[in-house]
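A.B. asks: Take the sequences, apply the hints, and build the full model.
Just so you know, the sequences run in chain order W and G.
According to this note's numbering, the first sequence is numbered sequentially starting from 69.
According to this note's numbering, the second sequence is numbered sequentially starting from -9.
Keep in mind that a hint or two might mislead.
[Claimed, not checked] Taking lysine to aspartate or glutamate and the EDC-like style, the derived pairs with C-alpha atoms no more than 20 Å apart in a straight line are:
no.	chain 1	residue 1	chain 2	residue 2
1	G	Lys82	W	Asp271
2	G	Lys82	W	Asp269
3	W	Lys381	W	Asp411
4	W	Lys412	W	Glu402
5	G	Lys82	W	Asp261
6	G	Lys87	W	Asp118
7	W	Lys404	W	Asp269
8	G	Lys87	W	Glu453
9	G	Lys82	W	Asp114
10	G	Lys94	W	Asp438
11	G	Lys82	W	Asp118
12	W	Lys404	W	Glu341
13	W	Lys325	W	Asp261
14	G	Lys87	W	Asp261
15	G	Lys94	W	Asp269
16	W	Lys305	W	Asp327
17	W	Lys355	W	Asp438
18	W	Lys412	W	Glu341
[Unchecked claim] Counterexamples of contact, computed for chain G against chain W with all Cβ distances above 10 Å:
no.	residue
19	Ile173
20	Lys198
21	Val203
[Stated by the list, open to error] Partial chain G-side listing against chain W, Cβ under 7 Å, derived:
no.	residue
22	Trp58
23	Tyr290
24	Leu293
Hint data in this document are derived by calculation from the structure and do not stem from the laboratory.
Fair warning: this is a prediction, and the values are worked out from it, not measured in the lab.
Even glycine gets a Cβ: it sits at the ideal position worked out from N, Cα and C.
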Amino acid sequence: MGTRKGMEVSIGIAEAAMMANVDVIPAYPITPQTHIVEHLAELVADGHLDAEFVPVESEHSAMSAACGSMAAGARTFTATASQGLALMHEILFIASGMRLPIVMAVANRALSAPISIWNDHGDVMAERDTGWLQVFVENGQEAYDHVLWCHRVAEDHDVLLPIMLNFDGFILSHVVEPIEVWSPEEVKQFLPDYVPPYRLDVDNPWTFGAVGIPDIYAETRMAHNEALTDSQKVMEKAWNELSEVVGRKYHAVESYKTDDADIVFLIMGSVAETCMTACDQLREAGKKAGVVRIRMWRPFPFAEIAKELGGRKVVVAVDRALSTGGCGGPMASEVKGALYHLDKRPQVIEFIAGLGGRDITIGDFMDMYDKGVAVASGGALPRYELLGVRA
Amino acid sequence: MSSELTNVFAAKMLPQAELFSPGHRACQGCAPALAMRFMLKALGPDTIICNSTGCIEIISSSYPESAWGVPWIHVAFENSAAVASGVEAGLKAMMRKGRIPERKITVLAQAGDGGSMDIGLQAISGALERGHDMIYMCYDNEAYMNTGIQRSSGTPYGAATTTSPAGKHSFGQSTWKKSFAEIAVAHHIPYVATASVSYPFDFMEKLKKAAAVKGPALIHVFAPCPTGWRCASNVAVRLGRLAVQTAAFPLYEVVDGRFRITQNVPHLKPLKLYLQPQGRYRHLTDDQIEYLQAELRKRYAALVARAEATQE
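C.D. replies: Below, the structure is given as structure tokens:
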């Protein structure tokens, strides 16, 4: 059993990367992830972590250097947010297409314009189809555990894909929480050294990043897609192993008080904790509310979503991003896709909430619940609603 | 510099191994491909190449074939210097932590003139400033040849390209070629050199010096492109020589800030000899050629003065 310490979640993420004994950290400052790379720089400067800290001149170069160090065979960790993630966009596809298992923490933050340093999921939703594994965490402990878990999953030879660890900017990144840190023995038991199947090796030269002519491009995309989809098995296995080591059990989709629920909230990220508190209050008032949280965003958990939501009457989906001029909420859109083929599918009420750091309160969840009840009793189903936005 | 680096003066004394193998898809007479061949003869098998998107990447790596006998990685267009930073850092960390044996491995990043002087300049500046132990090499064929001969900031004044065409209101490229090597010098790195495929021993000697220094080194190698320069495919090497002899592309090195001209040209040849075989300059009038020659000579004189001023 590890020690429980109060620490800022960003510091916790950096400490977990140190426990993973990462070799290379290409880093560029951007709010609100900066505390992670600042703390890693300190850990390297003080000799607590033997790694190359590469203070690159942009996020584009951070991701490019990460591709280089990973191809050389070195365990590589970086972190970014918002505009930084957007600047990496081009290279994200290449990192995954070249099967380079980079681990990147993303302190989710709104995209400009207008410029906003505050939290929503607009940044990661724009990178949805980059071919990376993507998970969301809700609190400091989950963030810490998942840094180690991400290395374990990404570097597995049945996966070999980069992974984004999404956590809410400021709401999580700058909050001090109690975090149970792992002992070196626990890390050793859970996370083996990275052994690359291929690396830039002068004794055994490989060509990385060759041209894909029309005869081979589609096959490589299919192989990538299969590897990404199949990696769920390794993710589940690693969650099981993590629970054996530290006793905390995580799942691709997690449910809270859903057994007899009439109306189920669907949500990702730290606001799920507010949602669960609202759910408790609704239950106290005799209302049958439940919460389903999506942890595993890529690959998308189609089977789990269908199983959990298939027979329900009303699902209240709370998105943290807006697909402008399109479907509305990207999470709700995917969830509806997962439910479409079912004989009995719920009505999905879509809300887009908390854009650019706007608070989402317990009262907001109460309002969304009431609207869910109205739809359940035959009310009109709006396409989607931007919650609490002034006209 | 140790003298053992500089003792190869005959082609037969070069390593026989072709680490950049024949059978690639370069155009006939491609001087950048020749630069690759010389580069690996100089650096040998313990070299890792980080290649930008561009002619050399396209012609050498069409899956399932590869012309590369050394480890080679291509990520994107503007970032080979950043990729090489990561490779160098990764090797350093793994050697220090005992995961791979300690060994001298040369990491070389490269791109053409567009990938270096335009879109890749930020990543190059970052890599040079951070002091990675690596070589950056720009193979300069003076335009975006892979996409169809568009102008770059390495395209010389007066040259016609598909995006700086000559016409009634245009004499081709209206701006001066960027002094790329001097940008590297401004980073105070230990070694910077210009080179040319037409002076292969000078080029290879400079590569060996670049590999031997601790820290970043940069080589700007002139590599004519018959396709893009609208000239015969058998004149690339001759044009490279004329570029030096007319001061269109002087050869020099800068060691710890001290300039040295490595091919002195006391009597410069008329610029017209260099321009005349190239279709990209065929629209230029005698007056324009005169103006261009005067400016290049002025710049060459300034370089000579700088070399004299920075001698030990």
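A.B. asks: Which of the listed hints are not met by the structure?
C.D. replies: 7, 8, 10, 12, 13, 16, 18, 23, 24
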